[in-house]
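K.L.:
Residue numbers (the working numbering), protein chains in the order written: chain A, 8 to 373; chain B, 6 to 374; chain C, 106 to 242.
It is possible that some hints are incorrect.
SDA-like, lysine to any residue: derived pairs with alpha carbons at most 20 angstroms apart [stated by the list, open to error]:
#1 A:K175 to C:E171
#2 B:K283 to A:Y240
#3 A:K175 to A:Y240
#4 B:K36 to B:P85
Which bits of chain B does chain C cover? Going by a derived footprint, with three or more residues having C-beta under 8 angstroms, they are [stated by the list, open to error]:
#5 71-85
#6 337-347
Hints are computed from structural coordinates only; laboratory data are not their basis. Just so you know, these numbers come straight off a predicted model, no measurement behind them. Glycine is no exception: its CB is placed at the ideal position from the N, C-alpha and C atoms.
Next come the chains, spelled out residue by residue.
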Amino acid sequence: MSFAYPGGIDCDIHPAVPSLQALLPYLDEHWREQVAVRGMDELASIAYPANSPLTARPDWKPAKGPAGADLVRLRREALDPFATSLAICNCLYGVQLLFSEDMAAAFARAVNDWMAKEWLDRDPRLRASIVVPPQSVERAVDEIERCAKDSRFVQVLLLVMGDQPLGKRHYWPIYAAAERHGLTIGIHAGSAYHNPPTPVGWPSYYTEDYVGQAQAFQSQLTSLICEGVFNRYPNLKVALLESGFTWLPAHLWRLTKYWRGLRMEIPWVDRAPTDIVRSNVRLSLQPVDGPPTSTKEGRDSLLRIIDHLQSDELLLFSTDYPHWQFDGNAVLPEGLPPDLIRKIMIDNPLATYSRLALTAAKEPVR
Amino acid sequence: MNVQIRDIQAADPAAGSRMAIADGDIHPARKSDRELFPWLAKRWQDELAGIGQRYRQPYQSGPAYPKSQPNAARRDAVPPGGGKPGCDLPFMQRQHLDPNNVALGILNPLGAGQGLQNPDFCAAMCAAVNEWQIAHWTSQDSRLKGSIVVSYEDAPAAVAEIRKWAGNPNFVQVMMLSRTGEPMGNRRYWPIYEAAAEAGLPLGVHAFGYGGHPITSGGYPTYYIEEMTGHAQCCQSGLTSLVIEGVFARTPALKLVMIEAGFAWAPSLAWRLDKTWKTLKQETPHLTRAPSEYIRDHVWWTTQPMEEPEPREHLLDTIGWIGWDRLIFATDYPHWDFDDPATALPLRISKEQRQGFFLDNAKRVYGVA
Amino acid sequence: MSRHVVAAARDIPPGGRKLVTVRGRPIAVFNLGGAYYGLLNRCPHQGGSLCEGVLTGLLQAPRPGEYVYSRKGEILRCPWHGWEFDIRTGQSYCDPERIRTRAYPVEVAAGQTVVEGPYVAETIAVTVEEDYVVVDV
Ligand code: FES
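So here's chain A without its partners, still in its complex pose (with noise of 0.2 angstroms):
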């Protein structure tokens, strides 16, 4: 099935720094010389490995480096089929996964001004989420400080699984700046790896990690309700990127129940959970984690799924590209009302961005 909706908002995709090379340019001479002397290696995270079929679509997949790391191969195979207006690019590149603060402060900022440099300068479509280094709330804060003068940078960008639950107080001054800044919080699958990738230890299988990241979702929005972050941070947006969708309404349904008989707990949540997200959070569209919607049957159960998620507003247009979550352009799942579908396209991304409104209709602004 072909899909283009003019004016659609894809709110997740991967531009790929093509090798550590590509970044020296953009860090300082100190840090150029230590990658140099050190022989470091490229910050590649085993979330998403090199060959892997979930990692680059086979005709997606360029003969030589990693998918995604070419502007041309990008508007062709990712914005032009879609007719996408605008595309929010999420750099993947492992700078969360350091355990020195001061290099991922370093490389953070390289990747910044390379995203600005080698994308968003060269294509209008184009916005990003700036890289933080969560290992250092300070420095992140600073670099979003750093980043947020430039109106294309329209979200931070964290990970699933890092040191710390994402609620915790710790990481509220990230938080803090983006609310200042209209900035939306992106949380993307993947982890810094410095816990297991699963509450019950290290699987054995790339195929559990990646599902697995659907867990650490249902985590990390317990966490940032349960510690007040929506109560402290009332205009602040939160989106969940390539974080699967169907598991929602059953987390909800725990959590708010668990909240009714708990909540003495952490009485500043004076509202249920299920309320609060439909207020503060948004989840990216691919992957679509459910039923297959080549059958009827699967396209009932589909909605059935949607109607449980009870509200329209919660789901962003995303193709993940180039990871491989559908084929041809078959980019949503069939069977979705036209009403639906103009609201994930289209007004729920504009609506969660507020950064897009800024720039939408005019050309890059330096």
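Assemble the complex: chain A is given as a structure, and chains B and C with the ligand must be docked to it using the hints.
P.N.:
Relative to the frame of chain A, chains B and C with the ligand by itself:
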């Protein structure tokens, strides 16, 4: 002071007319550790009194996250004579088994030593608790059936314990805790699954445990509510591992009962597993069918704590996707998140569905007539 | 509505509670420092016996980490799943409009008035010397 606050002392005349149910999760407690002494060697009695029970968690007694109520129990479940909720069979009969017309109650002993750091101590405690289940419970009330608790981090010892009891009608399942040291599908645990299958016993995986990992894959959370919510994620991870590492493919006779982690998460997990497996198939040639098919054929869930969507009818979709034949009603008596059979499922369902959900599914899985 | 004598006042001293049955309805009667409250003894959630719950204060937080504690003893936690109910109104904390248990007015009446009526005192022998707990049902 006159504080007469209970009226359950008298038999409930309606109880007999209520439908008979199975309860897939009852927690018997011991009045004191001395109850285990008849089956504990002197060395382990001394260990209990000396070094004590050390788990992969910080406190000598009590949980890492303080519970919301003493002993995580219903406040009305403290026996009139005192002691821990769940330690007094006559009171349990009066408060729960009789009025709720429980025809089959599955005992899942917690605090049974599972997860103790010292593997020999762990095995000794498990062995004693198994004897204790017969002496204090299953031999005293024929409605109750025991679970063989095993020292699952030490597979050879666990296998020996299973073989010891195989065929004994007091036991209807092998029990593990969900928070294992490695994901449950890891091959170090395979001999346990083979032994359970060989003995014709389902493997019950009860939420909780002491694997030593944070309950989230992003570190230790702050609150008890997060830990409680997190058991569902732990069980999803454990089930993922069992499926993807090929436990069901290799042990076709294995039946798995997921206990006390809710169930509504199951359909989403199965869809996600299928989708990911399809893309990454090359990695798992040992799987000959889609993950959801293994789940459909091998897994049951106890219902408590039952998810409570609004509108509640949404659960009908969820149960439909899982299969009405796959859920086993459970109360979790005497714990605080107890589900009451009379009120926990306020939905219009057919007679057959009700019969399966509340009784027959459990009977079938546990092979109890 | 009729007024039912359910206990002698001294049988439910401050801090005390009693489960009574009035016109077939189980009602939990509490004495909070001399003031009496009555709640239908059935939790609207799954039917837990409220009379066995603990009385706590009301805990609120204007911001995360700031605990404001008030109304000591006026919030009843269901003994099962811990839902909180306002002992004065029967309203739940989590959804006060929709989830509530019935609250019954309770007061103390002098034996003299009780003897004169119109009170229902089915199970209590009444004398003029005593004070009595009376529930409006
Ligand atoms: S029965 Fe009272 S809170 Fe559930």
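K.L.:
Each hint needs a verdict: does it hold in this structure or not?
P.N.:
Hint-by-hint comparison with the structure:
1. A:K175 to C:E171: 15 angstroms, holds
2. B:K283 to A:Y240: Distance ~40 angstroms between K283 (chain B) and Y240 (chain A) Cα, so the pair is violated.
3. A:K175 to A:Y240: Cα-Cα ~13 angstroms, so holds.
4. B:K36 to B:P85: 13 angstroms, holds
5. 71-85: Coverage by chain C holds for the stretch 71-85 of chain B (5 residues, Cβ < 8 angstroms).
6. 337-347: Result for this restraint: holds, n = 6.
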